[in-house]
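K.L.:
Take a look at the letters that make up each chain.
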Amino acid sequence: MRPLPFAWRSLSRQPARAVLGLAGITVVGALLFDMLMLSRGLLLSFREILESTGYDVRVTATDALPGLGPPIAEARAAARALGSLPEVADVVPVRFGSVSVRGADGRTASVALLGTETRRRGEWRVLRGSDLVEGTEPPSIVVNRAMAQELGAEPGAVVEVATVLPAQPFRVAGVVEFPFETAGEASATVTLDGFARAVGGVAADEADLLLVASRPGHGAEAAVAAIRAARADLHPFSTEQVLERLRQGEFSYFRQVSFVLSTITSFFAFLLVTTLLTVSVNQRLGEVAALRALGFPRRRIAADLFAESALLVGAGGALAIPLGLALARVLDAILRQMPDVPARLHFFVFEPRALALHAALLAGACLVAAAYPALLTARLPIAATLRRETLS
Amino acid sequence: MDVHLVPLLALLLLLASAAAEPAPGILVSRTLLRDRGLEVGDVVRLSADPRGAGAREFRIAGTYEPAPDPSRFTSKRYEVRLHLPDLLALQGGEAEGDSVGAVNIALADPADAEAYARELRARAPGVAVAPTTAGDDAHFLVIERFHLAISLVTVVGSTAFLLALMVIRADERREVAGLLRLLGVSRRRVLAQALVEGFCIAAAGAGFGVVFAAATQGAVNAFFQWRYDTTLVFVRVTPAIAAWCVALALPLGVLAGLVASWTLLRRPVLELLRR
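Top to bottom, those sequences are chains Y and F. Note that the numbering used here gives residue 50 to position 50 of the first sequence, counting from 1, and the numbers run on in steps of one. Note that the numbering used here gives residue 8 to position 8 of the second sequence, counting from 1, and the numbers run on in steps of one.
The hints are simulated quantities; they were obtained by calculation from the structure and are not laboratory data. C-beta atoms are modelled at their ideal positions from N, C-alpha and C, and glycine is treated no differently. Any given hint might turn out to be false.
[To be verified] Here are some chain Y residues pointing at chain F (derived, C-beta under 7 Å):
#1 GLY21
#2 VAL126
#3 ALA229
#4 ASP332
#5 ILE334
#6 LEU376
[What the hints assert, rightly or not] From chain F, some residues computed to sit far from chain Y (all C-beta separations above 10 Å):
#7 LEU27
#8 ARG30
#9 ARG51
#10 HIS83
#11 LEU88
#12 ALA149
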């Protein structure tokens with residue numbers, strides 16, 4: 001009989017023990033799988049959102065993250081200068097602000113306001129009504145679903161920005177979805193001129209951020225190098241550089257949590273399988289000695305043990321994947337309740353790499369777990385064991 | 001006034017201490033002072049412009065530790081504190097008159113914060129008013145829920161492990177249990193023994209876990225405080241948490257012992273003795 005069927009018979013002789021061992025490995029494996037998805041989930045999700053805008057380079061006045069540093073002065077001239085570079089396909093200035101908006105029925109809401117040019121790529125997605133247009137009176141505004149619902153701001157309605165005196169009217173052109181909008185938070189976008197009217201005390205020709213799309217064939221890194229060469233006073237970041245920075249800083253906590261828990265769960269799986277196999281071997285010492293006496297080599301006994309370990313860990317690891325995916329949905333829903341987290345951002349993201357690592361870590365645990373019981377059987381004194389078994 | 005000076009750092013230039021007129025004093029955060037090699041008494045130049053236009057001289061009067069902020073602990077706290085008139089002067093044309101970005105208000109009774117905020121919002125619709133505790137609490141609650149969910153999963157995994165161990169242990173003592181039954185010891189008595197044994201194992205395990213956590217919390221905090229250069233406390237084993245762990249572990253241990261023993265004791269005596 002080959003090792004695998006033999007291992008199956010060994011396990012099925014003690015069904016309760018095997019099922020409990022399997023359950024333990026499944027739960028621990030599910031947690032391990034989740035932690036592997038968490039380790040890069042934020043980065044993968046954030047990359048997807050960044051890339052959905054259609055711009056692969058961000059330019060700021062300093063090395064601070066967009067919105068946290070001072071604005072770029074003479075933004076339109078800077079945008080024109082960058083737009084003329086052969087490596088650059090498109091440049092759009094963006095301003096961030098926070099205003100209080102009053103709806104037609106008198107209700108007010110705090111709104112995260114963006115000032116930019118009319119949409120050219122994936123800056124937002126129109127859900128109802130029409131898109132943002134320049135040069136209208138009153139100026140046009142596109143709002144997200146939360147704002148439309150909170151203020152009754154449907155396409156065609158007029159809302160007033162009440163943060164400045166006198167209050168400035170804006171006509172709602174459409175209801176849109178922004179890539180970075182947070183769940184339930186009212187957001188809106190106006191033109192740059194509209195932004196200067198809505199937010200008091202800001203210069204009209206400033207931008208917190210320049211969104212740059214690199215020209216196809218050149219790529220983001222070439223565009224970054226060209227921008228650095230052309231305007232040393234500006235700070236360009238490719239999507240990769242932004243993600244690397246977040247990986248080292250803002251997102252590092254969850255990466256470390258996932259590393260710690262992955263290590264603990266792998267160790268736990270190893271401990272569980274080692275205990276089960278060691279006890280199983282200790283209870284079958286007579287049987288092992290008899291097999292050895294019949295001419296079974298040490299290698300074959302060890303192979304049986306490794307097969308038993310592989311069956312337990314393999315089945316548990318396979319069951320852990322659907323359980324882990326279900327658990328990840330629950331944990332993701334919890335973490336996404338955090339304030340200021342974009343509605344499209346996910347903490348747990350499936351990728352083949354996580355699956356491969358999951359398999360590799362469990363395979364490692366399976367091999368190491370079988371090593372000690374295999375050593376026990378290899379050192380087993382055959383005659384003494386058989387004699388002891390006969391007497392007992 | 002607390003100012004985030006990440007954008008200004010590029011322009012922070014160390015000058016000779018000798019200045020014609022005494023420069024206004026500023027406080028510099030510990031991280032900024034250390035990372036930029038500054039010292040108390042140094043004169044630095046600050047500018048609100050990324051290119052350094054309109055820079056003014058300030059003397060570092062002291063250093064301070066920024067209040068730990070759980071929502072920003074992954075960021076470097078490069079900050080300086082200026083007197084408000086100095087900041088307004090530094091911002092020059094950008095500031096309109098004596099306008100400020102925010103006003104902190106200390107209420108006579110902090111419990112009135114929500115009511116006060118509501119009233120102020122009603123009286124001045126253009127003003128954003130928020131009690132200072134609101135934001136951080138939400139972060140804490142979510143992180144707490146996340147850790148609780150992970151704890152529950154590990155408890156389920158541990159229970160399966162414990163149950164497997166108890167089943168193995170019960171199985172090892174099958175013949176002893178059979179002999180005891182044959183000698184007239186009742187099932188209840190054998191079960192009670194298993195319960196006490198499960199209780200002792202669970203109590204020892206829980207006790208060891210609490211002591212281990214309490215002993216290593218310093219190391220965990222030291223690592224994360226070093227990693228993020230913060231004074232935030234990440235792990236704290238409180239009596240309530242220890243009690244919660246023990247309260248969870250003991251019933252689970254007893255239950256595991258009970259289930260494992262019952263699966264054995266319900267069998268006929270001769271089967272227990274393998275006859």
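K.L.:
Taking the hints in turn, state whether each one holds.
P.N.:
Going down the list of hints, with the structure as the test:
Proximity of Y:GLY21 to chain F holds as hinted, the smallest CB-CB distance being about 5 Å (cut-off 7 Å). This hint is violated: Y:VAL126 has a C-beta 28 Å from the nearest C-beta of chain F, more than the 7 Å allowed. This hint is violated: Y:ALA229 has a C-beta 17 Å from the nearest C-beta of chain F, more than the 7 Å allowed. Hint status for Y:ASP332: violated, given a least beta-carbon distance of 10 Å to chain F, over 7 Å.
For Y:ILE334, the shortest C-beta to C-beta distance to chain F is roughly 5 Å, which falls under 7 Å, so the interface hint holds. Because the closest C-beta pair between Y:LEU376 and chain F is about 16 Å apart, greater than 7 Å, the hint is violated. Every beta carbon of chain Y lies more than 10 Å from that of F:LEU27, the smallest distance being close to 20 Å; the non-interface claim holds. F:ARG30, annotated as away from the interface, keeps every beta carbon of chain Y farther than 10 Å; the closest lies near 18 Å.
With a minimum CB-CB distance of about 5 Å to chain Y, F:ARG51 fails to clear the 10 Å threshold, and the non-interface call is violated. Against chain Y, the non-interface label of F:HIS83 holds: every CB pair exceeds 10 Å, the least being about 20 Å. With a cut of 10 Å on Cβ distances, F:LEU88 stays outside the contact zone with chain Y, its closest approach being about 12 Å. A Cβ of chain Y approaches the Cβ of F:ALA149 within 10 Å, the least distance being about 6 Å, so the stated non-interface status is violated.
In this structure, the hints that do not hold are numbers 2, 3, 4, 6, 9 and 12, in rising order.
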